[in-house]
Amino acid sequence: MHKYNRPNIDTDVIIPGPYLKIHDHDELAKHAMEGLDPNFTNKASKGDFLLVGHNFGCGSSREHAPIALSKTGIKAILSPSFARIFYRNSIDGGYLLPIEIEENILEKIDDKDEIEINLDKNSILNVTKNESYPIKPFSKIISDIIEAGGLFNYKIS
Amino acid sequence: MGMTLTEKILSHSSNSKTVTPGDIIFSNVDKVMMHDVSGPGVIKVFKELEKKGYQLEKLWDPDRVWISEDHFVPASDRISADNVIQLTKWAQKYGIKKHFKYGMGQYGICHTISHEEGLVLPGEVYVGGDSHTNTTGAIGAFSAGLGHTDIAYVLKHGKIWFKVPETMLFKVTGKKPDYIMAKDIILNIISDIGTDGANYRAMQFSGSVVDGMEMEERFTLTNMTTEAGAKNGIIEPDNTTVDYLRTRLGRINFNLIKGDPDAEFSEIFDYDCEKMEPSVAKPYSPENVVPVREVQGTEIDKAYIGSCTGAKLSDLRSAAKILEGKKVKVRTEVLPAAQSIYMKAIKEGLVTIFMESGAVIGPPTCGACCGAHMGVLGKDEICASTTNRNFPGRMGDVTSKTYLASPMVVAASAITGKLTDPRDL
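Sequence lines, in order, name chains A and B. For the first sequence, position 62 (counting from the first letter as 1) is numbered 62 according to the numbering used here, and the numbering increases by one without interruption. For the second sequence, position 232 (counting from the first letter as 1) is numbered 232 according to the numbering used here, and the numbering increases by one without interruption.
The hints are simulated quantities; they were obtained by calculation from the structure and are not laboratory data. Watch out, some of these pointers could steer you wrong.
Cross-link-like lysine-lysine pairs, in silico, DSBU-like; alpha carbons within 30 Å at most [claimed, not checked]:
id, chain 1, residue 1, chain 2, residue 2
1, A, Lys43, A, Lys140
2, B, Lys44, A, Lys43
3, B, Lys379, A, Lys43
4, B, Lys379, A, Lys140
5, A, Lys3, B, Lys282
6, B, Lys47, A, Lys155
7, A, Lys75, B, Lys282
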């Protein structure tokens, strides 16, 4: 778990403007979160989670943002809320899971805590503290798109 | 129960009799836009899918698609030059004819092109690979930004999912003082509701002040709804909309669709324009808004008049009125938002006014607004800007600071070298 407890972390911070011309996913990953924590890519590894303040991913619609984060290994992001384009980019591209939590849970999870996410039970287990917290369930279509691995694999019923 | 304009458009586009906020629908799309950043992103999505065996030889309807070269023109380096080459070949392969190319007649910032060229009509569903696609909603369309995968999906299937948004209504009334621009109004609204105040929702504008606005000012309102997190911004079409479109398209017919009289809004906000002050959004958020006079005298290093929200013809006219016969005290850049606007500014003598004041005129580009190239800010530099965002690093170095304001405030600040209320010049 990597915790950045501040609201409105925008896509200019997640992947700054000069890198918009880059479309090589591994190259983008080298600059993930550069505007906030230039050391981020050294910390992140496969299967890690992010815990962030509300309105994560606001600003530009650049899909580079969820791509760069997912290529550093980030599997899911926990936040009280996400900006709408970041949210749908993450799901429709099948990059990572944007998981909505209650605002007070931000305080209960610390940086480096080990957590497990159970989508079937809509809950998070904090292994380090032996606590569990609820998550907001995905709506039917969204969860079907996640299940399919992205929008292109989803069959409209 | 009646439907708001946004709900009505989405009900038609999803072939449903009615829709209710919160419904997730698959909507047909009328028009699609991508630019030289989202375009190569879409190409990448196509390539990855083809590797997995998807058949993507044909688009759903190339005549409904257009491409703008705007972010990295003139090419900032070899990578961005290659991106445009790749995009051009791809557009040719798929038969996309509306490609607004840098250096070949009309081109400019995608959102400005969409209304300058009359590419979207009232009642249509328009999606673009850029967050400020909301701009075009002022024409009375449902207009929303999407990412690369979603645009790729629309290009293939002609439809996309939306969660039907609740609509917030902003009524702006009172006598509008000459020194108040649409930018001041929308900054004050964002200040009140916050940068996520309209997340997942529609922002609709009405009231006597909006009715009295020319289209270009209305586009400033809808453009900045993105900064409040809105899914779309929208204004019901009226005679001003009709005149604007007919000037560009001739006597074509279109549906002047409006919301139902008994439509339900999630919230209604009333603003009295007479009481508003020329305002700025301080670093590092568009919601960090104060009257200019509260920060009057803050020294700046640069004044920037550019972008889809701050370099339309009406913006340039307002700035020129203030700069006429004066000299700038800090480096000042004026970049008209489209070639057609640049041309009108030359014919009206605005470019002469800017150049005589000492300002530099640049070609239409998003470059400096998103901190990519063409005049980025250095360490600790401070900029008064007509653009729409001021997050850390948005216009250059992460330590630089951007104050967002109307073209009048930025022009006044260029003359004094300090943040200045135009009334105090």
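Do the hints match the structure? See the list:
{"no.": "1", "hint": "Lys43/A <-> Lys140/A", "verdict": "violated (34 Å)"}
{"no.": "2", "hint": "Lys44/B <-> Lys43/A", "verdict": "holds (28 Å)"}
{"no.": "3", "hint": "Lys379/B <-> Lys43/A", "verdict": "holds (27 Å)"}
{"no.": "4", "hint": "Lys379/B <-> Lys140/A", "verdict": "violated (47 Å)"}
{"no.": "5", "hint": "Lys3/A <-> Lys282/B", "verdict": "holds (27 Å)"}
{"no.": "6", "hint": "Lys47/B <-> Lys155/A", "verdict": "holds (21 Å)"}
{"no.": "7", "hint": "Lys75/A <-> Lys282/B", "verdict": "violated (35 Å)"}
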